[in-house]
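*Asks:* Build the full structure now, drawing on both the sequences and the hints.
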Amino acid sequence: MSDLTDNSTTALERAKIPLPKFLKKNHYFGFLGILLVYLLAGTYSEYSQTIMNTIIFAIIGASLIVVFGMAGQLTLGHTIFVAAGVFLSANITTVWTRGLETEIPIAFGVAFLLGLIVGFPSLRVNELYLALATFAVAFVGVQVLFEWKQFSGGGSGKPVGKLELFGYEFSRGPTLVRIALILMLITFWVVGNYQDGRTGRSWNALRTSETAARAAGLPVAWLKILCFGIGGGLAAIGGVLYAHTLRYAIPENYGVALSIIVVLALIIGGKHRLMGAVLGAVFVKWLPELSRDVQEYEGLIYGGTLIILTLIAPDGLVGMFEWLGERIKNLKGDPQAERFSSVAKETSPLESQFLAPLSSSDPKGSLIVRDAAVAFGGVKAVDGVSFEIPAGGVTGLIGSNGAGKTTLFNAITGHVKGATGQFILDGEEISQKPIHNRALSGLGRTFQNLNLHDDLNVLEHALLGLDRNMKYGRIAESFRMPWVLREEKKAHYVAAELLDHMDLLEYWNEKVEDLPYGLQKRVDVVRALATNPSILLLDEPAAGLPTAEALEMMKKVQEYANHISAGVLIIEHNVELVADVSDRIIVLDAGKTIADGTPEEVTRNEQVIAAYLGT
Amino acid sequence: MVEYIQIAWQGLVSGFAYALIGLALVMVYKTARILNFAAGTMAGISGFLAHWWAAEQDMPFGVAILFAMIMTGAGTYVVERLTVRPLVKLGDFLPIVIMTLGVEEFLANVSLLWWGGTARRYRVPGDIDRINWLIGDFRLNAWHLVVAITTFVTLSIVGYIINQTELGLGMKAFAEDQDAAKLMGIKESTVSIWTWVLSALVGGVTGIVFAPVLFLQQDYMNIIFIKGFVAAILGGFLSLSGGVAGGLLLGELEAFTIKWAPREFAAALPVVIVFIVLLIRPHGLFTREKGHERV
Numbered sequence: 001m002s003d004l005t006d007n008s009t010t011a012l013e014r015a016k017i018p019l020p021k022f023l024k025k026n027h028y029f030g031f032l033g034i035l036l037v038y039l040l041a042g043t044y045s046e047y048s049q050t051i052m053n054t055i056i057f058a059i060i061g062a063s064l065i066v067v068f069g070m071a072g073q074l075t076l077g078h079t080i081f082v083a084a085g086v087f088l089s090a091n092i093t094t095v096w097t098r099g100l101e102t103e104i105p106i107a108f109g110v111a112f113l114l115g116l117i118v119g120f121p122s123l124r125v126n127e128l129y130l131a132l133a134t135f136a137v138a139f140v141g142v143q144v145l146f147e148w149k150q151f152s153g154g155g156s157g158k159p160v161g162k163l164e165l166f167g168y169e170f171s172r173g174p175t176l177v178r179i180a181l182i183l184m185l186i187t188f189w190v191v192g193n194y195q196d197g198r199t200g201r202s203w204n205a206l207r208t209s210e211t212a213a214r215a216a217g218l219p220v221a222w223l224k225i226l227c228f229g230i231g232g233g234l235a236a237i238g239g240v241l242y243a244h245t246l247r248y249a250i251p252e253n254y255g256v257a258l259s260i261i262v263v264l265a266l267i268i269g270g271k272h273r274l275m276g277a278v279l280g281a282v283f284v285k286w287l288p289e290l291s292r293d294v295q296e297y298e299g300l301i302y303g304g305t306l307i308i309l310t311l312i313a314p315d316g317l318v319g320m321f322e323w324l325g326e327r328i329k330n331l332k333g334d335p336q337a338e339r340f341s342s343v344a345k346e347t348s349p350l351e352s353q354f355l356a357p358l359s360s361s362d363p364k365g366s367l368i369v370r371d372a373a374v375a376f377g378g379v380k381a382v383d384g385v386s387f388e389i390p391a392g393g394v395t396g397l398i399g400s401n402g403a404g405k406t407t408l409f410n411a412i413t414g415h416v417k418g419a420t421g422q423f424i425l426d427g428e429e430i431s432q433k434p435i436h437n438r439a440l441s442g443l444g445r446t447f448q449n450l451n452l453h454d455d456l457n458v459l460e461h462a463l464l465g466l467d468r469n470m471k472y473g474r475i476a477e478s479f480r481m482p483w484v485l486r487e488e489k490k491a492h493y494v495a496a497e498l499l500d501h502m503d504l505l506e507y508w509n510e511k512v513e514d515l516p517y518g519l520q521k522r523v524d525v526v527r528a529l530a531t532n533p534s535i536l537l538l539d540e541p542a543a544g545l546p547t548a549e550a551l552e553m554m555k556k557v558q559e560y561a562n563h564i565s566a567g568v569l570i571i572e573h574n575v576e577l578v579a580d581v582s583d584r585i586i587v588l589d590a591g592k593t594i595a596d597g598t599p600e601e602v603t604r605n606e607q608v609i610a611a612y613l614g615t
Numbered sequence: 616m617v618e619y620i621q622i623a624w625q626g627l628v629s630g631f632a633y634a635l636i637g638l639a640l641v642m643v644y645k646t647a648r649i650l651n652f653a654a655g656t657m658a659g660i661s662g663f664l665a666h667w668w669a670a671e672q673d674m675p676f677g678v679a680i681l682f683a684m685i686m687t688g689a690g691t692y693v694v695e696r697l698t699v700r701p702l703v704k705l706g707d708f709l710p711i712v713i714m715t716l717g718v719e720e721f722l723a724n725v726s727l728l729w730w731g732g733t734a735r736r737y738r739v740p741g742d743i744d745r746i747n748w749l750i751g752d753f754r755l756n757a758w759h760l761v762v763a764i765t766t767f768v769t770l771s772i773v774g775y776i777i778n779q780t781e782l783g784l785g786m787k788a789f790a791e792d793q794d795a796a797k798l799m800g801i802k803e804s805t806v807s808i809w810t811w812v813l814s815a816l817v818g819g820v821t822g823i824v825f826a827p828v829l830f831l832q833q834d835y836m837n838i839i840f841i842k843g844f845v846a847a848i849l850g851g852f853l854s855l856s857g858g859v860a861g862g863l864l865l866g867e868l869e870a871f872t873i874k875w876a877p878r879e880f881a882a883a884l885p886v887v888i889v890f891i892v893l894l895i896r897p898h899g900l901f902t903r904e905k906g907h908e909r910v
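Top to bottom, those sequences are chains H and F. Once you know that position 533 of the first sequence is 533 in our numbering, the rest is easy, because the numbers rise by one and skip nothing. To convert, take the position in the second sequence, counting from 1, and add 615; that gives our numbering.
Note that these hints are calculated values from the structure, not bench results. Predicted model only: the values in this text are computed from it and were never measured. The beta-carbon is built from N, C-alpha and C at its ideal position, and this holds for glycine as well. Be aware that one or more of the hints could be misleading.
One-sided excerpt, in silico: chain H residues whose CB lies under 10 Å from chain F [said to hold, decoys possible]:
no.	residue
1	PHE120
2	LEU130
3	VAL140
4	VAL142
5	VAL144
6	ASN253
7	VAL256
8	ILE267
9	LEU300
10	TYR302
11	ILE307
When the alpha-carbon atoms are kept at most 25 Å apart in a straight line, the in silico DMTMM-like pairs for lysine to aspartate or glutamate are as follows [stated by the list, open to error]:
no.	chain 1	residue 1	chain 2	residue 2
12	H	LYS21	H	ASP371
13	F	LYS704	H	ASP455
14	F	LYS704	H	ASP454
*Replies:* Structure follows, in structure tokens:
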């Protein structure tokens with residue numbers, strides 16, 4: 001407990017939320033590790049080959065973290081990017097006789113574009129189909145390479161030229177290891193920057209709940225394709241190095257088998273951490289070094305390890321170590337004491353320097369719904385609903401189960417296919433827009449069944465909502481430019497104040513799946529509030545909560561909505577609660593509006609009493 | 616004209632393999648929403664066992680096939696119980712897919728260690744695969760006829776099981792609605808395991824009858840697995856008959872592409888088909904789109 005009287009500090013400081021920095025602890029460890037190998041590379045030159053292979057696998061692993069670990073797209077066709085790097089390298093060094101300075105940008109660029117194409121089906125199909133589609137890509141990729149003799153040399157392959165950089169020729173062995181280490185350092189740094197930036201956050205969000213990510217205004221389609229582009233490009237850098245280690249590029253090496261091995265290696269190591277890529281690479285590349293017996297049973301061991309790890313430690317070796325570390329830490333002291341140390345509350349976070357500028361006296365969120373209709377098969381879930389909501393008002397939407405309330409919400413936000421009708425928000429027609437663009441236009445929503453992002457903590461949920469305020473580009477993010485940090489820091493401050501307002505500040509670092517239900521509901525609301533919506537669509541925010549808790553939460557939401565002058569449309573079963581907070585209530589029954597008026601009028605309406613309140 | 620009939624027949628024979636594997640994949644996907652990446656390898660092991668026992672261990676061909684099928688069924692039973700079952704309760708399919716990848720890697724290496732990596736060509740008793748009948752200019756291979764008959768028999772048996780037995784009813788119920796089926800008292804684990812076994816047996820039959828057509832290499836079923844998957848996608852992955860029809864269609868497409876298009880294109884055909892189908896009709900060629908996202 002810090003002192004209650006100190007009003008000068010920000011919520012972020014009181015909760016001791018660390019600000020994003022240019023360098024983290026991990027950076028130092030990673031750099032030291034790589035430096036160590038760099039210095040020792042010359043001493044143990046007999047292991048150069050194995051070290052090289054480990055580095056290459058670590059780079060490919062890092063590229064897979066982008067696609068699979070963060071964005072959650074299980075790809076089994078990752079080797080075609082490696083193959084692209086290998087064969088481009090072979091062609092550039094022999095045909096053009098250029099060095100790494102040409103190979104790496106071209107390999108990255110070509111694989112990036114290839115990745116955008118390979119990633120395309122991910123828009124149309126679920127992860128399961130995607131796994132198989134990419135599997136087929138890997139399979140056929142090799143066959144195409146075989147037949148494309150001019151590029152690949154066919155079955156006999158193609159030699160790789162000299163290792164050069166800007167005209168200087170390098171010997172292989174330890175020098176190549178050092179070059180590879182520098183490239184690995186850069187790759188890891190870039191991937192790490194994504195993990196800490198908005199792109200990585202968005203990828204994590206789309207992995208854990210695509211629906212909610214869309215509703216928060218994230219361009220899910222582009223993000224999905226992009227992960228294949230970036231992942232592919234980075235894998236191709238691994239491919240260039242592979243070409244120089246092997247000195248000979250043969251198509252059959254880059255088939256499905258390699259694709260599966262790189263995925264297995266990453267899963268064994270741990271797919272969410274860069275360290276996992278290293279551990280996986282070490283596991284796969286050093287195990288066969290132990291003895292010849294191991295070499296023979298290589299695949300058997302990988303397969304077996306994967307089976308066992310999937311059963312006992314789904315987050316791989318890294319996950320296992322982290323779990324152990326946690327246990328050891330917990331042995332030392334009571335973990336709970338530290339976890340929920342409550343944070344002193346400011347008098348009003350809305351007055352803070354970060355939330356005050358959002359205040360507006362200009363009401364927004366006028367929503368016009370015209371002839372909204374949704375049919376599932378022959379059932380008309382929403383059947384020609386029309387209403388107009390004035391800016392800044394609180395409107396309740398009630399109706400019995402199956403009356404079409406949530407479906408109407410989904411029609412407005414775009415979450416249901418085949419909805420017809422017109423939706424006009426603040427004078428702007430949004431009916432034809434995709435989900436995330438409607439969100440960007442000012443629709444903020446929560447979900448009836450809590451669409452939260454498991455694995456992400458409470459603060460990150462708020463930051464997801466704030467994503468639209470961060471304008472830095474993805475290239476700047478790759479290299480963590482100063483303005484990236486500046487915007488991230490600002491978003492952290494705003495997020496902390498927002499959490500403070502919703503009484504969630506002390507839980508900022510909790511994974512949402514560990515929180516009690518009532519707090520999860522608030523996280524859902526925070527994510528929507530953070531988008532600074534024109535109108536907030538709340539889908540049963542109080543369901544499952546005790547009335548007192550629900551009222552308290554609604555009070556906070558209303559305060560914030562008033563602060564930013566946003567409108568609120570709320571679906572609720574608890575009629576007292578709705579009547580309490582709304583200026584106006586719309587009643588749906590069997591997909592049609594049966595009443596529309598002030599709470600008093602509606603609760604006295606006989607049709608409503610018959611249809612909804614019962615006898 | 617006869618040339619085209621010949622090509623069409625060739626396509627049909629390959630199509631049988633794709634159709635059977637497609638059927639096996641769809642079966643498991645439809646009931647349990649799981650994709651079994653080990654299906655190809657498992658089918659390959661069945662084929663290897665049967666032909667290895669028959670050719671190198673002097674077992675009568677029929678007995679070898681019977682034993683191989685029993686081994687396939689029992690092996691699948693064990694694999695499902697040990698690896699997939701513990702993950703089902705997590706309710707997330709990704710770990711299961713990864714698990715089947717691990718199983719694939721494991722089994723592929725077991726068979727590699729057992730039989731080595733060299734290709735061999737096993738004969739069938741009586742050298743049936745060498746008998747060719749000429750009907751006019753049309754050449755009919757006796758083994759291809761066996762393949763065709765086996766395919767029809769297998770499809771009929773699967774059709775019977777699905778339409779006439781309690782297991783089939785359970786499978787249909789789970790395909791329709793997992794939760795409702797559970798509430799109706801159908802035991803999920805029972806339906807799931809027998810679906811797996813049935814699927815593996817269909818795969819096993821495919822592996823056995825196609826081994827004499829292809830070179831028997833350690834991973835000979837992988838290519839058929841991929842194409843069976845393409846067949847399943849053509850059929851929309853949720854329709855058993857769609858999977859079969861997709862397989863036959865793919866066989867024909869492939870046979871005629873090889874005739875007219877350059878080899879690079881013929882090699883890329885499956886992926887081209889997958890991409891086109893996924894982009895234009897993700898729900899398959901034969902089924903109507905249904906369902907909506909619930910939020």
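*Asks:* Which of the listed hints are broken here?
*Replies:* 6, 12
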